[in-house]
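Starting from the given sequences, assemble the full structure and let the hints guide the process.
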Amino acid sequence: MVKEKPNSVRIYDKDGFRLRAACICVRSEAETEVLLVTSSRRPELWIVPGGGVEPDEESSATAEREVLEEAGVVGQLGRCLGVFENREHMHRTEVFVLTVTKELDEWEDSRSIGRKRQWFSVDEALTQLALHKPIQRHYLQKVETLKNPIRTTLRPTPRLQLPQLTRHEDTTSLPSLSLKHHPPPPQQHILLLRQNRHKKH
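UniProt numbering numbers the first residue of the sequence shown as 1 and each following residue consecutively.
Source of the hints: derived by calculation from the structure; they are not laboratory data. Predicted, not measured: the structure shown is a model, and the values here were computed from it. All the pointers check out, no bait thrown in.
Straight-line alpha carbon distances no greater than 25 Å define the calculated BS3-like cross-link-like pairs of lysine-lysine that follow: (1) Lys116 to Lys102; (2) Lys133 to Lys116; (3) Lys147 to Lys102; (4) Lys147 to Lys133.
Ranges between beta-carbon positions, derived for each pair: (5) Gly16 to Glu54: 13 to 21 Å; (6) Thr127 to Pro55: 35 to 43 Å; (7) Trp119 to Lys14: 34 to 42 Å; (8) Gly16 to Trp119: 30 to 38 Å.
The beta-carbon is built from N, C-alpha and C at its ideal position, and this holds for glycine as well.
Written out as structure tokens, the structure reads:
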């Protein structure tokens, strides 16, 4: 069953793109699990919850409203991931991250069209979205990029290289090896030893 809203008004920007908002719903601040919902057109496939912006509505309010209607969850709205453009369908979708704090047993779309929700790991969610909504994969990829900005911009500190250590599997033997090495005596010590020998004779 396809979801239809009565008396819904579509909002477009000056370039002719329909304005939408969506949420990447995460289970915790660790952001390792993502909530997806079934598509209204193809219920065997999974999508990110979201929908059209209504008149006089902020995109952040749209995002929270849509996840409540489609996924039956409420939570803490976090950072904005940006606006994602779909030229094929002429959509511009502003995407937010929402940390879920409550999951309802029943919600609007579960009753009206039998929509389901499910938690996935980030990798599993990327795989599911590739089957039906590949453009939504970019939402998740942006989450990973913004979640670890230091990891993506800084290189690890190089480790000190000790070539003499890498040649031995057992480094505990190195001190004993160093004790066997004795530098030659200075030249002046050799001369003194020779003089002392001549005096004895």
